[in-house]
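J.: Required output: the full structure, derived from the provided sequences and hints.
Chains as they are written, first to last, in the numbering used here: chain L, 1 to 114; chain P, 1 to 108.
Mixed in with the good hints there might be a few duds.
[Said to hold, decoys possible] Result set (DSSO-like, lysine-lysine): computed pairs, CA atoms no more than 30 Å apart in a straight line:
id : chain 1 : residue 1 : chain 2 : residue 2
1  : P       : Lys42     : P       : Lys79
2  : L       : Lys15     : P       : Lys42
3  : P       : Lys42     : L       : Lys71
4  : L       : Lys15     : L       : Lys62
5  : L       : Lys78     : P       : Lys42
6  : P       : Lys42     : L       : Lys11
7  : P       : Lys42     : L       : Lys62
8  : P       : Lys59     : P       : Lys42
9  : L       : Lys11     : L       : Lys71
10 : L       : Lys78     : L       : Lys11
11 : P       : Lys63     : P       : Lys79
These are computed hints drawn from the structure, not numbers from a lab.
Here is how the chains run, residue by residue.
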Amino acid sequence: EAEVAQSPRYKITEKSQAVAFWCDPISGHATLYWYRQILGQGPELLVQFQDESVVDDSQLPKDRFSAERLKGVDSTLKIQPAELGDSAMYLCASSSWTVADTQYFGPGTRLTVL
Amino acid sequence: EDQVTQSPEALRLQEGESSSLNCSYTVSGLRGLFWYRQDPGKGPEFLFTLYSAGEEKEKERLKATLTKKESFLHITAPKPEDSATYLCAVQARGQFYFGTGTSLTVIP
Numbered sequence: 001e002a003e004v005a006q007s008p009r010y011k012i013t014e015k016s017q018a019v020a021f022w023c024d025p026i027s028g029h030a031t032l033y034w035y036r037q038i039l040g041q042g043p044e045l046l047v048q049f050q051d052e053s054v055v056d057d058s059q060l061p062k063d064r065f066s067a068e069r070l071k072g073v074d075s076t077l078k079i080q081p082a083e084l085g086d087s088a089m090y091l092c093a094s095s096s097w098t099v100a101d102t103q104y105f106g107p108g109t110r111l112t113v114l
Numbered sequence: 001e002d003q004v005t006q007s008p009e010a011l012r013l014q015e016g017e018s019s020s021l022n023c024s025y026t027v028s029g030l031r032g033l034f035w036y037r038q039d040p041g042k043g044p045e046f047l048f049t050l051y052s053a054g055e056e057k058e059k060e061r062l063k064a065t066l067t068k069k070e071s072f073l074h075i076t077a078p079k080p081e082d083s084a085t086y087l088c089a090v091q092a093r094g095q096f097y098f099g100t101g102t103s104l105t106v107i108p
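T.: So, in structure tokens, the structure goes:
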């Protein structure tokens with residue numbers, strides 16, 4: 001069964017350092033999403049890609065966060081510099097219009113900023 | 001304001017004690033409503049997509065239903081392995097809105 005891959009699964013960093021997360025969506029899924037989830041809350045959309053283009057990044061803190069999907073397949077989310085408040089689970093999801101926009105999530109990256 | 005509200009926030013059931021989780025929404029132009037299961041430290045696992053009022057879907061001990069204002073996730077004779085957080089999300093006008101989830105604990 002096809003799955004969304006994410007790495008690393010866990011990341012511990014010190015504040016002011018740079019971190020990067022990688023996501024490989026399900027093959028053939030044109031839409032890719034990055035979410036942030038704080039413990040006890042629902043996922044919050046950071047950025048949405050359609051192929052290599054950004055569709056929605058209105059909630060992305062652009063002073064420190066960046067995301068790219070250069071070839072329209074895998075994607076990288078970067079934080080520089082990391083702050084204590086960035087500690088959260090970062091989730092990647094992908095979807096295809098052929099399954100009516102149902103999003104399939106990866107296992108997530110748990111980020112801890114010290 | 002577009003909003004998704006899930007209730008209760010937490011639910012404890014005895015094994016075999018059936019119950020329902022609620023997801024109410026205030027969005028216009030609903031395109032789909034999604035249910036996910038999330039285990040601690042893991043990504044959400046897709047359960048169901050519902051598209052129109054009156055639709056129902058089942059999977060093992062779970063049954064999801066949809067009305068014009070809310071959705072219910074019915075759990076019949078739950079087992080301890082059903083313990084998880086259940087998330088609801090709605091899609092409307094190209095946007096996705098997630099609820100904060102219901103944390104379900106099934107006691108043996």
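J.: Given the hint that Lys15 (chain L) pairs with Lys62 (chain L), test it: the Cα-Cα distance must not exceed 30 Å.
T.: 17 Å, holds
J.: Does Lys42 (chain P) pair with Lys71 (chain L) here, judged by a C-alpha cut-off of 30 Å?
T.: 27 Å, holds
J.: Would you check the hint for Lys11 (chain L) and Lys71 (chain L), treating anything up to 30 Å between C-alpha atoms as holding?
T.: 25 Å, holds
J.: Is Lys59 (chain P) within 30 Å of Lys42 (chain P), Cα to Cα?
T.: Roughly 21 Å separates the two Cα atoms, so the pair holds.
J.: Mind checking the alpha carbons of Lys78 (chain L) and Lys42 (chain P) for me, to see if they're no more than 30 Å apart?
T.: Distance of about 21 Å is within 30 Å: holds.
J.: Hinted pair, alpha-carbon criterion (30 Å max): Lys15 (chain L), Lys42 (chain P). Please report holds or violated.
T.: Since the Cα atoms of Lys15 (chain L) and Lys42 (chain P) sit roughly 24 Å apart, the hinted pair holds (cutoff 30 Å).
J.: Assess, step by step, whether the Cα of Lys42 (chain P) is no farther than 30 Å from the Cα of Lys79 (chain P), and give holds or violated.
T.: 20 Å, holds
J.: Within a Cα-Cα threshold of 30 Å, do Lys42 (chain P) and Lys11 (chain L) meet the stated pairing?
T.: Roughly 14 Å between the alpha carbons, so the hint for Lys42 (chain P) and Lys11 (chain L) holds.
J.: Next pair to validate is Lys42 (chain P) with Lys62 (chain L); report whether the Cα-Cα distance is within 30 Å.
T.: The given pair, whose Cα atoms are some 26 Å apart, holds under the 30 Å limit.
J.: Does Lys79 (chain P) lie within 30 Å of Lys63 (chain P) when you go C-alpha to C-alpha?
T.: This hinted pair holds, its Cα atoms lying about 15 Å apart.
J.: Keeping to a limit of 30 Å between CA atoms, is the pair of Lys78 (chain L) and Lys11 (chain L) held or broken?
T.: 13 Å, holds
Consistency with the previously given hints is maintained throughout, with no hint failing.
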